[in-house]
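Q: Sequence:
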Amino acid sequence: MDDKRENLHSVEEVCAELGIDFIGYEFTGAYSLHQPELNDADEQLRVQVLGKELHWLTDAELKARN
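Residue numbers (my numbering): 1 to 66.
Honestly, the hints are just simulated from the structure, not real lab data.
For glycine and all other residues, C-beta sits at the position ideal for the given N, C-alpha and C.
Wrong hints could be hidden among the right ones.
To be verified - With a cut-off of at most 20 angstroms between alpha-carbon atoms, the simulated SDA-like pairs for lysine to any residue come out as follows:
id : residue 1 : residue 2
1  : LYS52     : ALA64
2  : LYS52     : GLU37
3  : LYS52     : GLY29
4  : LYS4      : GLY29
To be verified - Have a look at the derived ranges for each label pair, beta carbon to beta carbon:
id : residue 1 : residue 2 : range
5  : GLY24     : LYS52     : 13 to 21 angstroms
6  : GLY19     : THR58     : 21 to 29 angstroms
7  : GLU12     : ALA60     : 17 to 25 angstroms
8  : ASN66     : MET1      : 20 to 28 angstroms
9  : GLU43     : LYS4      : 41 to 49 angstroms
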């Protein structure tokens with residue numbers, strides 16, 4: 001399963017060379033989902049906290065730290 005058809009074709013070719021049956025699924029559902037607006041400063045803070053505290057901040061936790 002992949003969202004890029006060329007990746008599926010690549011795996012299909014390798015499987016064919018190795019004699020492995022292949023069934024691939026192209027997932028296109030993500031294209032219809034809302035893409036969040038990202039703020040560079042917020043995301044830098046999120047990564048810093050991950051590095052120091054080994055915890056990925058949720059959006060609510062991130063907002064509380066600003």
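Q: Are the hints correct? Go through all of them and say.
A: Against the structure, the hints come out as follows:
1. Our distance criterion of 20 angstroms between C-alpha atoms is met by LYS52 and ALA64, whose separation comes to about 18 angstroms.
2. For the suggested pair LYS52 and GLU37, the alpha carbons sit about 25 angstroms apart, so the restraint of at most 20 angstroms is broken.
3. A C-alpha spacing of about 35 angstroms is found between LYS52 and GLY29, which places the hinted pair above 20 angstroms, so the restraint is violated.
4. Using a Cα cut-off of 20 angstroms, the hinted pair LYS4 and GLY29 holds, with the two alpha carbons roughly 12 angstroms apart.
5. Distance hint check: the CB atoms of GLY24 and LYS52 are about 40 angstroms apart, inconsistent with the given range 13 to 21 angstroms.
6. At roughly 46 angstroms, the beta-carbon separation of GLY19 and THR58 lies outside the given 21 to 29 angstroms, and the hint is violated.
7. Look at GLU12 against ALA60: about 42 angstroms separates their beta carbons, and that is not inside 17 to 25 angstroms.
8. Under the hint 20 to 28 angstroms, the C-beta atoms of ASN66 and MET1, about 36 angstroms apart, miss the expected range.
9. Judged by the Cβ atoms, the range 41 to 49 angstroms given for GLU43 and LYS4 is violated: they are separated by roughly 24 angstroms.
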